[in-house]
Amino acid sequence: MTDRLYRLIYGSVMLIALYFSINNLVYFLTGLMILEGITNWRIPLLVNKLLGISPKTDVNAASNCKISLEAERIWRLMVGLAFLLTYVFFPEQLWFVPWFLAFVIFGAGASDVCPGLIAMKKVGCK
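Residue 26 is where the sequence shown starts when you use this note's numbering, and the numbers rise one by one after that.
Misleading hints may appear alongside valid ones.
[Said to hold, decoys possible] List of simulated lysine to aspartate or glutamate pairs, DMTMM-like, C-alpha gap at most 25 Å: (1) K151 / D137; (2) K147 / D28; (3) K91 / D28.
No lab work stands behind these hints, which were simulated from the structure alone.
Sequences and hints are given; from them, build the entire structure.
Dropping the structure here:
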């Protein structure tokens with residue numbers, strides 16, 4: 026499983042949960058994103074390990090990084106915290122932010138272009 030496919034599935038499930046107001050599913054997906062950001066146990070890596078597929082590594086990306094954390098890990102933590110703040114703590118005032126994030130994640134999965142990851146790699150993450 027690639028990160029692109031995971032973002033596509035995650036974004037579509039989040040959009041469905043938001044549309045049908047399935048709060049428990051939104052809370053679960055938010056917690057899953059935060060857990061993946063904290064522990065770096067990402068579902069695509071775990072699925073690939075179970076299937077016996079070795080991950081691709083980019084040697085050049087690791088050599089010019091200023092920050093020793095992976096951009097994917099920081100992105101997952103930031104997105105999870107954004108969902109937590111906007112959906113759990115301020116749902117009436119910031120109702121559009123979870124929808125925007127879910128559409129962006131879905132679009133990142135469909136096109137393999139994620140503005141958040143690109144920005145974090147420009148800052149200096151792996």
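Regarding the pair K91 and D28, is the alpha-carbon distance no greater than 25 Å? holds, 23 Å
Quick one, are K147 and D28 close enough, alpha carbons at most 25 Å? Roughly 19 Å between the alpha carbons, so the hint for K147 and D28 holds.
Take a quick look at whether K151 and D137 sit within 25 Å of each other, Cα to Cα. With Cα atoms ~17 Å apart, K151 and D137 stay inside 25 Å; holds.
Checked against the numbered hints above, the structure violates none of them.
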